[in-house]
Each structure stands twice: as C-alpha cells, then as structure tokens.
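Peer 1: The primary structure of each chain is shown beneath.
2 protein chains.
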Amino acid sequence: MIRRFVIGTPLDTEAVLHKPEVDQGVLPYFTIEGTTLGMKLAKEDVVYGLGENVRGINKRGWIYESNCTDQPHHHENTRSLYGAHNFFIVKGQEHCFGLFVDTPGRVIFDIGYNRVDDMKVTLENEDYELYLLEEDTPEAIVHAFRELIGQSYVPPKWAFGFGQSRWSYFTAEEVREVARGYRENQIPLDMIYLDIDYMERYKDFTIDREAFPDFEELVAEMKAQGIHLIPIIDGGVKVEEGYDVYEEGVKHHYFCKDVDGDDFTVGVWPGKCHFPDMLNEEAGRWFGRKYKVLMDMGIEGFWNDMNEPAIFYSEKRLKKVFEKVGDFKDINLDLKNFNAFQDLVGNVSNNPEDYKSFYHNYKGQKIRHDKVHNLFGYYMTRSAQEAFEELEPEKRVLLFSRSSYIGMHRYGGIWMGDNKSWWSHLLMNLKMLPSLNMCGFMYTGADVGGFLEDTTEDLLLRWMALGIFMPLFRDHSALNTRRQEAYVVEDKAAVRGIISLRYRLLPYIYSEFMKATLKNTMYARPLGFVWPEDPEAVETEDQLMIGESIMIAPVYEQNKSGRTVYLPEEMKLLRFDGAVLAEEQVLAAGRHYIKVGMNEVVIFVRKGHILPLAQPAQCVAEMDWQDLTLVHFAEEGTSYELYDDDGISRRVSLEGSLRTLTV
Amino acid sequence: MIRRFVIGTPLDTEAVLHKPEVDQGVLPYFTIEGTTLGMKLAKEDVVYGLGENVRGINKRGWIYESNCTDQPHHHENTRSLYGAHNFFIVKGQEHCFGLFVDTPGRVIFDIGYNRVDDMKVTLENEDYELYLLEEDTPEAIVHAFRELIGQSYVPPKWAFGFGQSRWSYFTAEEVREVARGYRENQIPLDMIYLDIDYMERYKDFTIDREAFPDFEELVAEMKAQGIHLIPIIDGGVKVEEGYDVYEEGVKHHYFCKDVDGDDFTVGVWPGKCHFPDMLNEEAGRWFGRKYKVLMDMGIEGFWNDMNEPAIFYSEKRLKKVFEKVGDFKDINLDLKNFNAFQDLVGNVSNNPEDYKSFYHNYKGQKIRHDKVHNLFGYYMTRSAQEAFEELEPEKRVLLFSRSSYIGMHRYGGIWMGDNKSWWSHLLMNLKMLPSLNMCGFMYTGADVGGFLEDTTEDLLLRWMALGIFMPLFRDHSALNTRRQEAYVVEDKAAVRGIISLRYRLLPYIYSEFMKATLKNTMYARPLGFVWPEDPEAVETEDQLMIGESIMIAPVYEQNKSGRTVYLPEEMKLLRFDGAVLAEEQVLAAGRHYIKVGMNEVVIFVRKGHILPLAQPAQCVAEMDWQDLTLVHFAEEGTSYELYDDDGISRRVSLEGSLRTLTV
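In the order they appear, the protein sequences are chains A and B. For the first sequence, the working numbering begins at -10 and goes up steadily by one. For the second sequence, the working numbering begins at -10 and goes up steadily by one.
So here's chain A without its partners, still in its complex pose:
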C-alpha cells in the first residue's frame, strides 16, 4: 500500500510519475517535530536504501546527508556523495515499510548515529512530500516504489561491454593507442571515454582541433573496430567572448543569476563559468539540444560530470579571500589564527554559502539554488535525454551522470562518481549497487581500479573480478596516476580472462538487467532480501545475488588467496579460470573457505537455476547470442527465460523478447 502525504506546498521534483491521492491521515511510525521525522529503532531493525552512500547495505550507525557533493576524498565517515536518494526501508519484526522523502533540498538521515536506537530525518525545506510504502518484504517495497517512480533508463546493449577511460587521452593518437592496446592483446573493449581534454579549453560541445584534428574520422574508425567514443559534458559553461554556448546563454538569460540578477560566476575546469539554469525548461531544452554538435560527429553516448554542481570557487568568494588574506600577514599565527587562515582558502570550494547565492528560474518562479540543489544533475541529464528522444527517436543513446536525484533514473544511469584506488572503495562499490537498485538506478558501476591515486595490479584484478558483474563496467584513472589500462597489467592472461568472462556472462547480465528494469525489480539484491528470515544472511554484506541465478562473493582484501563465503542454502560453485569454466562443485549450506586465485572468478549458482554463457568476443557487436552454454544446478526440464532484443531500439518490452532455454 502506498500513501502520499503532502506537507506545505512543495515544488514538484517529478520524481514520481503517477501520484496517488493525498492521504489526509497521520503519518504512522514517525513523530514529527518541525521538519524532523523521528522514530525509535528496535535492536533488530535493518534500514536499507539511501542509494549512493558510504558504509553498509544496512545503513544503521551513521548519519547521511542528501546534498549532492563533489567528494572524491570520501571514506567511511563521509556524509554526502554525488547523488541524493531519499528512499529507505525499515525492516523489523513488527514492521516493514519504505519512505520516500521527496524534497529537492538537503535532508539529513541520522540512522542511529546520535543515539543507537533513534532515527531522525531532518529536512531543510519546510514543504515536502512523503510516500509511505507498506508491504510484507523489502523486495515488495522496492517493487512498489519502482512502480511509483517509473521505469529505469535502458542503455544500448553495447554499453554493457567493457569501457576504458582516463583523465585524459589527450590526443586522437592516444585514443588509437588504447584501442590498439586492447585489440592487439585480445582483451575485449566496447568503449573509450574522452575526459575533459578533448575539448577546446574545457568548453562544452567543442573539440580541441589541434589534438583531435580528425575527430569525426576517429569516431568512425573506432566504430569500425566495435569501439564507441564517449565524451564528457560538464555542468559549467566557460565565460569566453565568441563562444556560442556562452553568448547564447547570456543573450537568452539561460544561466543562473546571482542576487543582483547578473549571471552567477563560478570557477570550474575552464576558470570562470556560468551554470546553465537546468531547472528552466527553455534553458534545459537549449542545453540538451547542444549535444547534437557531437552526435553529428558520430557520437552515440555521453557522461555528464560536475553537475552537483561542483564549484571550485565563486567569483565573489574569491574576491573576499584576496581581501582578507592580508589580515593574517603580520599576526602570530597560533593554532586558532592558523586554522582560520587555512579555512579561508581551504573552504573556498563547494562552500555552502555559495549554493545560497544564486537563483533558478523555475516555471517563472525565482528559486534560490540551495532549495533545489539536488535537482541540478537530474535536470541536466533529463534535458539531454529529452533532446535525444527528439534527435534519435528510435535509437538508445548512452547517457549517465555523476550527480542524480530519484527521477533521473528514467533518463540516464550514473557512475558511482570519482573514487580512489582503495581496497575499501572496491567493497563500497559492491555494497552501493543494491542500494542504488532500490532507488531506481540500474545502469551503474564504479571506476574499476579506482580513479584517484595509483592502483596496484592486485587491486585492479580483484576489482575487475567484481566489476564484471556491474552493469556499467569501466576502468578509469586520473591525471598523474599510473596507467591502469588492462593491457598494462603484467599478468595479461588473468586480466584478459576476467574481462572475457564478462562477455561470456553478457547474455545473462543483459537479460537479468532488462527483466529487472522492465519488471521494476532488482538486478543486484542483498542476501537479506532473498533470505530475510536468516539473520546470518541479513548480516552478510560482502556477497550479492546478481539476477535470479547467481550469488557472488568477491575477494576484496589484499594478500588474500581466498575468503569465507556464507551459503544460506545448498549451491553449486563454479570456478572460472579467467573465461574458462574449470570446476563445478555442489556445496552444502553454511560457511566455506573458498580459495580464489588472482586469475579466477568464483560464482555460486542457486539450486533450480541456470546460468547461460556465451562464447567470448572482442566486443558486443561480435557476440553470438544464440550459441549459449547452459551451466546449471537444476533438474532436467528446468528452464531459464532469456531476455534479448536488438540492443538499440528505444522500444523495449518483455513481450517478444523472451526466449525459453531448457536443460
């Protein structure tokens, strides 16, 4: 049952498509004081959800803030990441419900942080909507919620291949080298991502023609090899006379304004920038149609970045810093003064005050940015996808974003944002996936190997062995870090084998992804969703169910040749030596210590289930989706419903796309 409560006169985020009638009753479970919802947590209550956040699948014991933030330096105590996903589920012995807190401003979720048994949800905006969902199980709640918010975005089938990224491949020749690196080493690849340096002075919708003189040819040449180039688009537009996007934006008042009505100026990659007013329908439409510049060059996919929006500095704050810095010149900088001095410069980026100093024109209404902060990336991505629907009415265009809000899941995927080459970020990647699925984000994954800092070969290989189960599977690394393309790995056989296994798994991964997307269910489930009555399964957060047939239990620690795996029921272990199935073994329910070599991937098949495997290929286009091997832990006559389609048409439906495979 879904109940909708409206408090005040909230702005419609359009997260929910078909709104139920407003419930005039009292919100159960919670007490409300001001804009804080409070609830006592029982010892055994588990709290799921909150999408892109740190810590466990069970969110208890920490305080999270929905406040889209460019935060690559995140760790276990970080409160806000790139997205804002205000949906959570409380599963206890006495109750099982979900709550979606629909408000575009900041929300604080204290889930037993200040007091172990207290949950407090505090909203910054006074006007908001609440959706309360009551069902028997967390899985049923997720289903009901996903029905409410509408079908998730479907990318082209080729976007399920493997992608290579780096900040940056600086020239066309560098891009060609990457393609050669993969093809010559027979490591599959479907995408190469172009980070900010393909642009001229970081200007959206431009090409640096010195570095990429033959950009259109390069796109075509790569496509002929089965490789798509995916350029980045940033949320800020460079201030530069003569640059059409800048000039049009100024002329038509498409940029966010400061309190005086002037275009608001911030520093981002290019230096001084304006933010397109993504919440202004006309400005959004204008910005979305700009992607055509690149589509006309043959581009079929994009990633939207820096759209929290990230602010290196605001022009006004920077001016103040320069005014004030002299005050510290001739005084004794003791602890207090030194801290003040460091803060002056150190707090210049993403400063909360700056988010209160610019305005949107939303349906003719002037709205201060912080009130709608969490919608910026959502509306940027929505504008783009709505433009794509006009420009490419038949064909899926790949699109994913860094910042997001629930509702954006209908228009694009997300990647899990800038991360680091940390083992703890590998594990966070695993835990984030089901939480994102709960909130509608299906096409997602983390930067394998880690974006910032230098990766090590063992970390990269172990992360690959998890990444092959992520719908969005790409390797990405930052400026001044060591190279981490698969072909630079010493143990090429291992990395080739693991990525090849991804391609062998693709019919299953795509099938499970599409069925979950079309049925509004989950692609990746916590064990607690599948075995909610098994307390040990509920606490197992380093394993996942991927689709209906398989469980994964990756190794996520260094210098480990194996790990303990919990089987809630009898399962069949499949050991892959790279892409080759090397062992099948039925294991009893319980805990098992399983060895996993650096070249290996171990998968557990549920009883009564089938895992279809394709032959390896160098890219999705070359795959044979017909000639499948059915590995299984099932009786004769058991069947699997394989979803398949042409992989590119926007019209997707279970009808006509299911094929029954029987053992």
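Just so you know, these hints were derived from the structure itself, not from any lab. Where hints are given, some of them may not hold.
One copy or two, it doesn't matter: identical chains are merged, so the pair holds either way.
[Claimed, not checked] Below 16 angstroms or equal to it, Euclidean Cα-Cα: the simulated EDC-like pairs (lysine to aspartate or glutamate) are:
1) K261 <-> D323
2) K508 <-> E136
3) K420 <-> E546
4) K596 <-> E304
5) K355 <-> D249
6) K281 <-> E378
7) K305 <-> D319
8) K325 <-> D116
9) K261 <-> D319
Bear in mind the structure is a predicted one, so any value in this text is a computation, not a measurement.
Using the hints, position chain B against chain A.
Peer 2: Okay, now just chain B, sitting in the frame of chain A:
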C-alpha cells in the same frame, strides 16, 4: 646469525647497543644499485615488520616511507605515519631473514607496489648500516633483533590501567568531573591525560594558573583516588620574551638554527616556536631536566607530542605565501591556476623543503635536519627518560611519544598517533600491534574510540573490546568532537563490564608484557608466527595471539553480531559478559562463526594453557594480585609462570619475579 654491513661513514643512530664486527662480505638476497636495495619476491613470500604503518601484517602490495609525519588523516594509501621503523622480515619457502636499515633519513620500502614481485628499499642518505639476521623462523629473527637493539622500556604497573584523555580538559574542575564520572559509575580508571590546554599559551613546562589554580592539589587529590594525571609536552618551544625555556634556549644556542645561524622559527600550537636541538647532547640534557618542573608538582608520567617534528608553517615559507598569493588575484583561475593557488596555501604544513632548511649541532657537527629527521622524537624522548633516571633513579616514570625510531623503544612507549573514529582504524590498531612488537615497541596502543571525528557508541564499545588487550589502553578524543568518555555511553553496563574485564586480565597482561620485554620476545603475535606452516593462519590478519595462552578475534565491523574466527588448532572459547565469565566451550580446529554481543568479549585459550584472572577493581592500586582464578584448557598439573613485581621499581628481572600457578 647477525651480520653487520656498513656503507660509507654513517652517523650512529644508537639504535643498536652492542654492534657486531663489520662484515666485509657481500650482502646476500639483494642487489644494490646506488642507494637502492632490490630483491625479487616469490609468490609465497610474506613480508613482516615496518612497525607503525598502514595496511596488513603482511606488508606486501604497498609502498611505505620512513619519514616521521604528523598525519592524522591517514588511510590505507598513506605512506608515512608518526614513526620510522626500518626493520622487516622476509619469510619464504627458501629463505627467512630480517633486515634493519639503520639510517636516520628517509627510506622508501616498495614491497611489491610498482611490480608485484619486486621489493625495492631506497635510502635518501648514502651512508648507512645494515643488519641482516638469518634464523629459521620469523619469531627467532625478532628475538635476535630485539637482543641487538636492547631491552624495551618498562612503564609503571599503574600505566596498564585504563586512561581517559581529551583535547582538552580545560580546567581543574573538568578534570575532577571526569574522575567523578568514572568513580560514580564504577568504571575503573588509572589515568587522566592533560592535553595542550593545561599550559599557559601552550608553553612547555608551564601551568595555566587561571584554569588550574591548584594544580599541585589537583594532582594529589587525583592520586588519592588512584588516578594519575599525565600532561603532554610538545616538541616546539614558544617564542616569548620572559619565558625561561625560550630565553635559556636562545642564550645557550639550544635551538635548531637556520642556514644563516639564526634560531629556526616555525609555527606550532603557540604560533612562533623554536625547536630544541634534541640531537645536541647538552640541549637534550637541558630540555630533559625541564620535566622536573612538573615532577615537582607530583606528576609521574608524560606524553611527548608533535615531535616528528610537526610544522604548521615555517616563518620564511609563510612570508613567501603572502608575497605570492597576490599573483593569483587578477588572473583566470582555471584548473591549473586554481590548483597552484590551493597548493600555495595547502602545502604550507610539514613541507619537505622546510625540513631541509634547519640544522642540528650533533657532536659539534652541523647536520641538516632532513638527514636525521627520523631521530627528533627519539632523542626528545631519550633526553627526557635520561633525565628521569637522574631525577627518579628508583622509580619508573611513564613516558610515551608520538614520533619514534628504533632505539627509542628503550626510553619510552609510543601511542599509535592521532587517528580517527573509523572502523578501519580499529582494525589498523589490531594489525599494528604485532608489527610494533617486532621493532621493540611494547608499551603501545591506539586512541580507543578514535581521536578525530565523532565516534558512535557501537564503534567505541567494539574498540574497547580490542583496547583491553593493548598494553597502552586509553580513550582519547579531539576538540569539537562529541564526548566519548566511558561514562557517557548509554549502555553503561556494557562499557563498565568490558573495562572491568581489562582489570581482571591485568595479571596476565602485565605478566606476558613483562616476560616478553625481559626475554626480548613478542607480547602480541600474528597467527603466522605461531603456525607458520599453516597458510590459512598466515593469511589471518584480524586475529592475534596475546601472550602464550590466548588468541583474540575482535568484531571490527558495524552492524555485526558476530564474525568468522579461524582456529588453527582446537581451542577453548571463553565468553565474557562484561567482566563475568559466562561460557566455556571447546571448539575444534577450523572456521567457526561466533556471535559476540556488544557487551561481550570472546577469548580463545590454547590447549595446554592457563589464563589467570583477578577480581575487578577501580584502579591498579586496589587490585589483589594474589587471589587469582585460573581459567584453563589444560590437564591437571599444568602450570603458568606468572610474572609480578612491585610495579614501580626500575630494576626489573625475571629472577625473583616469577610465581608458578598450577591447575
């Protein structure tokens, strides 16, 4: 066998007491190129050691730098912490050796970081000594090494009680409140630490008489309650006319000099400071004797801080920053310029260039600081302890330091430095303990609950349940974080029980600590030391052997009601509900999933071994060391050798201090 190699004419760090003859042969195992020692690692080689560092007990897969650094923001990719411990062990199938790289400058240990199978040790100084130790087992190598470097520091017995710290208890009344909080709640306590605010304007060896008007009385009053006050001493001396320490230091040239021969000026807590030249014997003796000011007020213990030495800024660098900052005022701060601007101010602290811009007077020789950087905290602590030996020739004085180098272990303990309220730091605490033992540091532990950032009650309780096994057991938290004294915990019964168990364990902990210290063996051992032929034991890094009788396996993850424990052999599980032994159960070798409540501590007793337990008490002074309960997993007639002494005399010896307890 120990072999000593001398390259060039190194400065004597005095880490090694009795040096063997110089070996004229060639260093085996390694190739030497310039100042880099290189070695191929076999797949199964395990590398132990390196003392205070991040990551695993097996140090493979990362790059570490011995470069004492004030780094509270450390995480899995941090290269340098507060100490420099250049001793490691390589245990393979073909070889088992240890190497001590004795040099006071920076050393980089690449243990399979750049290439999985390469180890490279790179020294900044060209003159150095190497000690190669070859024995059959890692444990034998540690023993030989510890014999070489001399007996570790022994603190008073009361220092094995529990201590409460905070930055800061600002007044005498606040200190009394803490004592009351413990005593009224019947939670044991032996020490309260005084952080920097007990001083007048952060001046070493002064008391803020406004906040602590009756300091001497306070000390006596606390002592009457069995509580010792432990003040902090910082590595920098405030520049202030009329302040005797400053004036004497200037007059006698006891401070480090800059290149022009002027006293080198840096910013630390008080603002402008000079560093006492700890390497200058006369200056060190002068500084060490200054502690007498506080000892005369009844103080019996100290902690030395900021002695890496930490530099907030150097006067010269700060001047340059103010000169250059204007350059950024009127240019477009794009990515590159903005980064340069941020770096200008952001890199002002602990800047490597500053460590190259001041000088020591070491035995009449002028030595640039960076060449001997890792000795500063060592010599500061040594100077203090040498003064204590004069001032209190009979009585042990508590002393521990943040920065350290091997050799300092003879003069004081260390705490593991400023950490955070992170679950990952709890686990790091566990892994660091045996590595520190290998390098001679016995009296050590981490700030329980975490120093920086807000702790949560579950983290604090789980960390307490580990902390009770650390020789140095204190709760410490930083300015502007929430209170984390044990008596503010909601579940007082749980925290009281766990800390009380510490006191029940004290006869065992003190006995094992003292025997290990006097025999040059380890108090805490990795499982791989005890069962080197069991590969699963070798890989188990989240359990420890504490002394000869028990193994611990703490819960270090949130929202977990238990964990998997690996038993290399049959053991007896002891379950404590707080201080009360609630369950004894013999478990077979292998993996077990063990439930552990938030109020519980689970200990595993080795077969043939005994765990003596005392009755709980409110402080060490009140304990009865005679009335012991012998819990055991042993046949009748098995005995345990209990070490005990008066707990305060400097003269310690096994002889006359052992008592046989038989079951």
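Peer 1: Against which earlier hints does the structure fall short, listed by number upward?
Peer 2: Numbers 4, 8 - these are the hints that the structure violates, sorted from lowest upward.
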